[in-house]
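Listed here are the chains, written in short residue letters.
2 protein chains.
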Amino acid sequence: MKHALNVTREADFAAWYQEVIAEAEMAEESGVRGCMVIKPWGYGIWERIQTLMDARIKAAGVQNCYFPLFIPLSYFAEEAEHVEGFAKEMAVVTHHRLISDGKGGLVPDPEAKLEEPLIVRPTSETVIGKAMSRWVQSWRDLPLLTNQWANVVRWEMRTRMFLRTSEFLWQEGHTAHADRDDAMVETLRALEMYRSFSEDCLAMPVIAGEKPENERFPGAVATYSIEAMMQDGKALQAGTSHYLGTGFAEAAGIRYQDREGGQQLCHTTSWGVSTRMIGGVIMTHGDDDGLRVPPAIAPHQIVILPMLREDDGDAALLAYCEELRAALAQQWALGEPVRVLLDKRAGKATNKRWGWVKKGVPLILEIGGRDAAGGQVSVIRRDRLYREDGKVQFAAMAKDGFVAQATAELEDVQRTLHAEATARRDANIHRGIDSLDALGKFFGEDQRYPGWVELAWSRPTGDALEQVVQQLKALKLTIRNTPMDAAPVSGQCVFTGQPAVERIYVARSY
Amino acid sequence: MKHALNVTREADFAAWYQEVIAEAEMAEESGVRGCMVIKPWGYGIWERIQTLMDARIKAAGVQNCYFPLFIPLSYFAEEAEHVEGFAKEMAVVTHHRLISDGKGGLVPDPEAKLEEPLIVRPTSETVIGKAMSRWVQSWRDLPLLTNQWANVVRWEMRTRMFLRTSEFLWQEGHTAHADRDDAMVETLRALEMYRSFSEDCLAMPVIAGEKPENERFPGAVATYSIEAMMQDGKALQAGTSHYLGTGFAEAAGIRYQDREGGQQLCHTTSWGVSTRMIGGVIMTHGDDDGLRVPPAIAPHQIVILPMLREDDGDAALLAYCEELRAALAQQWALGEPVRVLLDKRAGKATNKRWGWVKKGVPLILEIGGRDAAGGQVSVIRRDRLYREDGKVQFAAMAKDGFVAQATAELEDVQRTLHAEATARRDANIHRGIDSLDALGKFFGEDQRYPGWVELAWSRPTGDALEQVVQQLKALKLTIRNTPMDAAPVSGQCVFTGQPAVERIYVARSY
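Read top to bottom, the protein sequences are chains Y and X.
Heads up: the first sequence begins at 16 in the numbering used here, then just goes up one per residue.
Heads up: the second sequence begins at 16 in the numbering used here, then just goes up one per residue.
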């Protein structure tokens, strides 16, 4: 069967991913090392993610701020002192002026060398911590709940669009609390916000859980994540939430006077999701015809394509389509007005159709002169594009009937994408593996997309954990997380032979 | 009369400006040179500006994208070749890694020096031009209308919060067109969008017009601006729109095949507004009690302050206030649902009141136990805070009556702020000055806040213009712009003695 893309998921998942991004016009290489250009369709999806996530962040009482792009080098030195494994791949600003090199080119002006280099923020704990130390004086100022939407830079040697780029867009929440309990409640609130957002808005099932000690954010006391299974069976960490204890508060001097007049260190948290989520959406919902966008985050949920013939009939056809557009724009779906586009551009209707198929618009309405005359619409549902015989599946419906059920159709697409992804995920979590050998065999070469394995383990720490990590690394595997609220386990740890205390997911990952 | 701020506008306008920002908790110094922290109230105003402006940008068919933060040095070299006066104060990234200096500190790793330095974008014409050169092939691809919301950096030696900071937030529109006419239509569309946005949303009257040749964006064929008069009589350039001709297209290679099959250069435009607008709002509407925020951009339009007494009566009072809040949130004003906050924080009610006064919330409702029992509300309108006797002016009203007229009240505050600013601006534009001597006298030391002068001039260019610019500079004056659609002029140019051809505004400026 012929599909809209040249590469199938089956044939080459990595190449397929790149082709979806190119053909759906989501992003492209910028010519600047490690940085991408996010094109209107990709950015429109990010704007939808921002809108929906920001509403949740605000509803939790968190206030948006904006903090500097640049962080003085000395702030990192303070942190580096108490943080082992401190990531050092960062963009360093050393000069503030260019001058002519006398040969028609430009060079950094040696006279304009900064006394202290500035780092382009890789994350903002340090600079926000300094602000918090000014803002928090008394227990009355707590909790202090802040967030920012920003760009950050982490120098990456190997980049992949949306998944790992040197510059990316994200939100970073930073909060300060009077004690551990309050900070943990916030850490888990953010985790649950991410979990429900992924399920409800991205239609992307995720496992929320705690990362093992070796995967903690440097300096964190506990790191939690949501993990999604991509269609190649690999895991994608799609959001993290950290309980930072008092370490960052100590480095930044975030102290408060308690009700008894004593000085206390705050307990802080941080949590973030990024444009990486878009990579997750592609690899969760994309198919061999391109992207499929869940209606909740689709910039356009419905596109109307008039079959223009460049003749006298076009005016009536366009009037009919405009009436349809206006009627649909009055409908609501998933709690918001329906987003509908009438695509009047010149060009062949079938080319335009396949363009929107590749972009993954949930519903495409093709309207010809006869449809207009008969008060009909021809509906393509992106999530069931083909009939059993391999031809594109159109549903012919009365216009008014379609308008009346547009809400239900969109909500059904959202539900269907989620159900499909959940069923696939659940079918690819494997249990009952009871030895390292069996694990190695399971992830052997014969199984290209083996999915995840759920194991029971004894939660080793320190050197014992490091040994487990190395054993898994030899199999190209990582521990994803320990799921929240899982049923108790019994039996032995696969790695240590000691009594198992909790479940973990083990998988290949992005 | 006692006011909420320590410094009045009259006593020291610059110090007053800083105090408003501090007391309204809008922003503060970050500890990072030239960069500010934008606090929740300041950022909330920016979010409102973004929301309202973004809707206008999208309604014009412009699509949001995101382009890289970093621009390779060589891109600027290309531009520098054909652009005199090219600004060179920019942040230069030269390294991509930090290492330990062996003494407990960190330094840029000499092994990780970039082959080509990267510039933190001061504006994105070059990098967006490169993308446009890939995206534009044929006349069918035109016009290409893009915008991005982003942070940019221009190294500034003397900074002032919101008005001039090394890093600031803005939107930058970039468009490519088939010919000059189409590009000029877009340039002027953006200008008019900024003008009407300022008037309608910021309640800030502005003059839209063309900048003189010497004030053009480097490389532009024509630069237009909106200019607002601050309460000290100085001008603030609050937005610009540039027609760039074909120069940038040539540097970036933005060419298209026309209908006849020939290769043509595109004509491009760019236009932007920034967080500077917030500085304009402060200096247009602020008074000696702090900020006054126009309802259209107020994060909260109405704040309800229950006079809590920490006794048994509080529950009934809060229930009454919550009912009021819910009723107000159902109302619409200025085309959107009313934004109302019930401020339940602990603390003295008068302290809380003055906090909101300084933040400039349009309507403050103080509700005591007796108000609740009697079905009343006490209303403070921020734009008429005091009675004639200098006491705070409360209007006691029936609750339902207030709810019914909340829309009208908010819309009246918006209108009143605009009318007040317009009347002040109009009263401070002076005409009839017919010589350079008279101009010098008018802006002499005796007049601290002289406002603007409207002159007729002969629109000199080149050296003749430079002479005018220097004459004005000696008086600390600049030409702001030539207003659009002004009535024809007669008489002689004040500077050259030649026949005058158009009006200009001359003023001190930020």
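Hints were generated in silico from the structure; no laboratory data involved.
A portion of the hints provided could be inaccurate.
What the hints assert, rightly or not - List time: in silico DMTMM-like cross-link candidates among lysine to aspartate or glutamate, alpha-carbon distance up to 25 Å: (1) X:128 / Y:302; (2) Y:128 / X:196; (3) X:491 / X:247; (4) Y:367 / Y:302; (5) Y:103 / X:247; (6) Y:367 / X:247; (7) Y:359 / X:404; (8) Y:73 / X:196; (9) X:367 / Y:104; (10) Y:363 / X:156; (11) Y:359 / X:196; (12) Y:359 / X:427; (13) Y:128 / X:130.
Stated by the list, open to error - Here are a few chain Y residues that face chain X, going by a calculated C-beta distance under 10 Å: (14) 90; (15) 108; (16) 127; (17) 358; (18) 488; (19) 489.
Unchecked claim - Chain Y residues, not near chain X, derived (Cβ > 12 Å throughout): (20) 16; (21) 18; (22) 49; (23) 69; (24) 228; (25) 330; (26) 404; (27) 493.
Keep in mind that this is a model prediction, so the values were computed, not measured.
Glycine included, every Cβ here is placed at the ideal spot set by N, Cα and C.
Results for each hint:
1. About 42 Å separates the Cα atoms of residue 128 of chain X and residue 302 of chain Y, which puts this hinted pair outside 25 Å; it is violated.
2. Of the pairs offered as hints, the one joining residue 128 of chain Y and residue 196 of chain X is violated, with about 45 Å between alpha carbons and a cut-off of 25 Å exceeded.
3. A threshold of 25 Å between alpha carbons decides the hint, and for residue 491 of chain X with residue 247 of chain X the separation of about 15 Å falls inside it, so the pair holds.
4. Distance hint between residue 367 of chain Y and residue 302 of chain Y is fulfilled; the C-alpha atoms sit about 18 Å from each other, no more than 25 Å.
5. Between residue 103 of chain Y and residue 247 of chain X, the direct Cα distance comes to roughly 48 Å. Violation of the 25 Å bound is thereby established for this hinted pair.
6. Between residue 367 of chain Y and residue 247 of chain X, the direct Cα distance comes to roughly 56 Å. Violation of the 25 Å bound is thereby established for this hinted pair.
7. Distance hint between residue 359 of chain Y and residue 404 of chain X is unfulfilled; the C-alpha atoms sit about 63 Å from each other, more than 25 Å.
8. Annotation: proposed proximity of residue 73 of chain Y to residue 196 of chain X is violated, straight-line Cα distance about 45 Å (limit 25 Å).
9. Taking the CA atoms of residue 367 of chain X and residue 104 of chain Y, the gap is about 46 Å. The hint is violated against a cut of 25 Å.
10. Distance hint between residue 363 of chain Y and residue 156 of chain X is fulfilled; the C-alpha atoms sit about 15 Å from each other, no more than 25 Å.
11. This hinted pair checks out: residue 359 of chain Y and residue 196 of chain X have alpha carbons roughly 23 Å apart, not beyond 25 Å.
12. Between residue 359 of chain Y and residue 427 of chain X the CA atoms are separated by roughly 41 Å; this puts the pair beyond 25 Å, and the hint is violated.
13. Under the criterion of a C-alpha separation no larger than 25 Å, the hint pairing residue 128 of chain Y with residue 130 of chain X is consistent with the structure, at around 18 Å.
14. Hint status for residue 90 of chain Y: holds, given a least beta-carbon distance of 9 Å to chain X, under 10 Å.
15. Below 10 Å, beta-carbon pairs count as interface contacts, and residue 108 of chain Y has one with chain X at about 5 Å; its hint therefore holds.
16. Checking residue 127 of chain Y against chain X by beta carbon gives a least distance of about 8 Å; that is within 10 Å, so the hint holds.
17. The interface hint given for residue 358 of chain Y is broken, as the beta carbon of that residue sits about 13 Å from the closest beta carbon of chain X, more than 10 Å.
18. Because the beta carbon of residue 488 of chain Y sits about 24 Å from the nearest beta carbon in chain X, more than 10 Å, this interface hint is broken.
19. Violation of the interface hint for residue 489 of chain Y is found here, the shortest Cβ-Cβ separation to chain X being roughly 28 Å, above the 10 Å cut-off.
20. With a cut of 12 Å on Cβ distances, residue 16 of chain Y stays outside the contact zone with chain X, its closest approach being about 31 Å.
21. Every CB of chain X is more than 12 Å from the CB of residue 18 of chain Y (nearest about 26 Å), matching its label as outside the interface.
22. Residue-level check failed: residue 49 of chain Y sits 9 Å from the nearest beta carbon of chain X, not beyond 12 Å.
23. Distance to chain X contradicts residue 69 of chain Y as a non-interface residue, since its nearest Cβ pair spans about 9 Å, not more than 12 Å.
24. With a least beta-carbon separation of about 24 Å from chain X, residue 228 of chain Y lies farther than 12 Å from that chain, consistent with its non-interface assignment.
25. For residue 330 of chain Y, the condition that its CB be more than 12 Å from all CB atoms of chain X holds, with the nearest at approximately 21 Å.
26. The non-interface label for residue 404 of chain Y is consistent with chain X: the shortest C-beta to C-beta separation is roughly 35 Å, beyond 12 Å.
27. Interface exclusion of residue 493 of chain Y from chain X stands, the closest Cβ pair being 24 Å apart, more than 12 Å.
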